[in-house]
Amino acid sequence: MMMSVIRLGLVLGAVAIASMAVATEGFFNSKGVKIRYVSAGEGEAVVLVHGWMGDSSMWGRDAAGNTKLDASAVPGFQFIALDCRGHGKSDKPHDERQYGPEMAEDIVRLLDHLKIKKAHLVGYSMGAFLIGMVAAKHPERVLSLVYGGQAPILGQPRKASVPEVQMFADLVKSGKGLGAYVTAFYPPDKPKPTPQQADAIAQFLYGKKDVEALAAAGLSFKNLAVPAEALGKCKAPALFLYGEKDLDAQASVEAAMKVVSHGEVKVIPGADHMSAPAHAMFGASLIKFLQDHATSLRDKPSHQTRLPTPRPLCPVERRAGPFLRAGLPSL
Numbered sequence: 001m002m003m004s005v006i007r008l009g010l011v012l013g014a015v016a017i018a019s020m021a022v023a024t025e026g027f028f029n030s031k032g033v034k035i036r037y038v039s040a041g042e043g044e045a046v047v048l049v050h051g052w053m054g055d056s057s058m059w060g061r062d063a064a065g066n067t068k069l070d071a072s073a074v075p076g077f078q079f080i081a082l083d084c085r086g087h088g089k090s091d092k093p094h095d096e097r098q099y100g101p102e103m104a105e106d107i108v109r110l111l112d113h114l115k116i117k118k119a120h121l122v123g124y125s126m127g128a129f130l131i132g133m134v135a136a137k138h139p140e141r142v143l144s145l146v147y148g149g150q151a152p153i154l155g156q157p158r159k160a161s162v163p164e165v166q167m168f169a170d171l172v173k174s175g176k177g178l179g180a181y182v183t184a185f186y187p188p189d190k191p192k193p194t195p196q197q198a199d200a201i202a203q204f205l206y207g208k209k210d211v212e213a214l215a216a217a218g219l220s221f222k223n224l225a226v227p228a229e230a231l232g233k234c235k236a237p238a239l240f241l242y243g244e245k246d247l248d249a250q251a252s253v254e255a256a257m258k259v260v261s262h263g264e265v266k267v268i269p270g271a272d273h274m275s276a277p278a279h280a281m282f283g284a285s286l287i288k289f290l291q292d293h294a295t296s297l298r299d300k301p302s303h304q305t306r307l308p309t310p311r312p313l314c315p316v317e318r319r320a321g322p323f324l325r326a327g328l329p330s331l
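The numbering of the sequence shown is our numbering, which starts it at 1 and goes up by one.
The hints are simulated quantities; they were obtained by calculation from the structure and are not laboratory data. Hints may be right or wrong, so weigh each one.
[Unchecked claim] Pairs of lysine-lysine residues, derived as DSS-like cross-links and limited to a Cα-Cα distance of at most 27 angstroms, are as follows:
# : residue 1 : residue 2
1 : LYS266    : LYS233
2 : LYS233    : LYS288
3 : LYS209    : LYS31
4 : LYS118    : LYS288
[Said to hold, decoys possible] Pairwise CB distance ranges, derived in the manner of DEER restraints:
# : residue 1 : residue 2 : range
5 : ALA280    : VAL162    : 14 to 22 angstroms
6 : LYS266    : PRO191    : 30 to 38 angstroms
7 : ASP62     : MET257    : 33 to 41 angstroms
8 : GLN156    : GLN196    : 37 to 45 angstroms
For glycine and all other residues, C-beta sits at the position ideal for the given N, C-alpha and C.
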């Protein structure tokens, strides 16, 4: 049976049935697009940015799947999780031009809306792309960076989309369903589903989502590349955190470390792209990094936050991951 409360979700690994600290929900206008966010705790701001096809609930959810942040396990921080445009309860335009760099600017506009000058930025998968663009374009707004499961896209905007995203977008456009997409990118260590099973999984994963908006967001990834020189000018502390079996993340991190030479790297043994956020080492590493680089804690005695054992993933979560995806390795 699922626990009733997940503190900062699978990521911080703190599971409890205790009462929640008060969290607040808000919306703001980001150049005509309504963006939703949830905030909990007091102290230095930590903005949490989810992956493609996910939403803010990846960082903390109740038994019904609603976003619930509990910052009591990590005092001294204000955690702010947003639903990226096209996801969750934020607006969902279908025009690809409304995504890409605009998604990164939403993070900056969120800080402006909350009157926050600087923040720690934590992104997983797509979220890592987005905070990388913020670091390159707005280094003065960054206290530290945690790149989970990916690294910033370096170079110039691409002409072609990632094949996985292109297939998703093509199937959405065709109206033939997403069963073929599930089959194509099903975890390789699991038996392939039958066509009927794949259709059922696709309905479970995407049936209640605005797939046109998700396709537009995914196609815009080719416009999230940042010049290496610009990223290198951001000297904020950086942590790259990914699973040992996440080969796409490994390759992108190796490239990024040539630019972000001051960055730290932690590899989670035995984890892949989808399972890494649920690993206790992920949450412990993230918390320690934030505490080590919190300006308000530098002159205070160091302390360790003791975390409860994280809840094991159920079979569906192992396959679909916390972002409710079929197991894409790179996004």
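Ascending list of hint numbers which this structure does not respect: Number 5 only.
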